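J.: Taken in sequence, the protein lines are chains W and P. Number 117 in our numbering belongs to position 117 of the first sequence; there are no gaps in the numbering. Number 197 in our numbering belongs to position 197 of the second sequence; there are no gaps in the numbering.
Quick caveat, the hints were computed from the structure, so don't treat them as lab data. Computed from a prediction, not measured in an experiment: that's the story for all the values here. Worth double-checking, as some hints may not be accurate.
[Claimed, not checked] DSBU-like mimics (lysine-lysine), calculated; alpha carbons at most 35 Å apart, straight line: (1) Lys155/P with Lys137/P; (2) Lys229/W with Lys137/P; (3) Lys141/P with Lys73/W; (4) Lys141/P with Lys151/P.
[Stated by the list, open to error] Some but not every residue of chain W turned toward chain P, in silico, with C-beta under 8 Å: (5) Ala131; (6) Asp135; (7) Pro136; (8) Ala139; (9) Ala142; (10) Val145; (11) Leu148; (12) Arg152; (13) Pro157; (14) Ser165; (15) Gln166.
Quick reminder that beta carbons are idealized off the backbone N, C-alpha and C, glycines included.
This is what each chain is made of:
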Amino acid sequence: MSANVDADPRDFVEGLPNIGIMLQDITEVDSSLFVTAFWSMLETIEMAFIGTVVGVAIALPLSLLAARNLNHKFVYVPVRALLAAIRTFPSILWAILFVIIVGLGPFAGVLAITMYTVGFIAKLQYEAIEAIDADPMDAVGAIGVSKLQLIRFVVLPESASHLLSQILYIFDYNIRQTSILGLVGAGGIGFYIINYIKFFEYGKAAVFMLVVLVTVLIIDWVSVRIRDKYIIKSQRGMQVKS
Amino acid sequence: MEKQKGSASISTLSIVQMNDVSASYDSKDYVLKNIRLSIPRGANYAIVGQSGSGKSTLLKLINGMMHPSNGKVLVDYKVPNTSDRKFKPFMHKIGYIPQNLGLIKNSTVLENILIGALPRVNGFNSFFKNFPDSEIKNAKKILKQVGLQGKAERKVYMLSGGEKRRVAIARALVQKPEIILADEIVSELDHMTAREIMDVLAEAQSTMNLTAIMVHHDLQLALEYADRVAVIKEGEKILEIGVEADRIVDFQTGNYTQKEILEMFNTESKE
């Protein structure tokens, strides 16, 4: 048993009935609170969405610059270093930084999500680009096309299904992340949750957490459907041998 | 099946010259040793050898993807080098079909073959896949020529092995090339399909007046279609033969009879 982290299973077992109290509190909450929770969830989704879209838009050109099979060492080494630096911060630290820079509110949250998305997507995408089959790159490169044409006609189509899959994943992940950014005052549903908890209104906090849970489940279900429709099909197609 | 030998006018001037060329990937083991070749303009030339004999390397030396360690390669009097700016304008005149074809599987047939026209389209237009009408018309004409009419909008991953090869040929032809390099383009196909593909290539070679340089591992097939066949073994050219008046002729030394040549190749295949 670790004394340092004070981990004691007995505390956990003894504390378990507290969930019951919390659930009981939910039944006593005014139903109009669900409307508030719904709107704040919508704000959270909006923040995650904007952060994801802007983040991907910035990550994509960076990933093209970071790919070793497309660039000279002098280009990809600094770009990779920059991306590694961006990835060292978790989104909550970015949020604190942006709250200091732009003040409290959702904008700081959007910026935090954007930064996290840039670091994450750019890395996965440059790895996907480097894993592209060398054959089409060689065959098209040997025609004497420009680098931009090579990117447009080989790199983007060959890595598109990876990118779509990663965007779906990060969007899903960003909604969960955005839900807690409110803890540091960066907007979204987490702001309500932390405040209710501070004032011991566990029932109300639980309502908001429930809304987060349901939303994440829905988003998850939708992304599975999109994945099935666009990604699995093309990958199955790729496996068709000549 | 009647053989379709290329009837393009063969010039006495060579389009590809190799003088004592050696090549290696790791500067230790040579995959090609002292190769001397002279491929006439307009010829249908085949290079035959077993896996690992250096055939594919030979094609990469011609299109400039690889450089010789020793000796000199000249293609149309130029030194091929894909990273040399001076060679770039000539690159699209060489249609290269690698062994795995190098097609973009998630793109359509038409998008794939229009890649061959990219050196003629400016960067801005090509980024938005905005090709001139004349290029699209030409691409569709070539699709018909290779037997892919009606399949322009099909995604490549949905095609059969034979159809994929036709796409790769079409992409090379859209380049308006002077030379076509094909690396074992029919080796994984059944007998019938292989001949269909070879017929498509032979017809294009003769009607478009191209020089075709194809790598095979099947000597019989090579002799059937090519004017001349170079046999490579362990990186060295051991024979240069062709069929004249239904007899196999040894162009290199004149020392071997038809029977000896076939015997030599048969024992080689069994090794």
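J.: If you check each hint against the structure, which ones fail?
T.: 3, 5, 14 and 15
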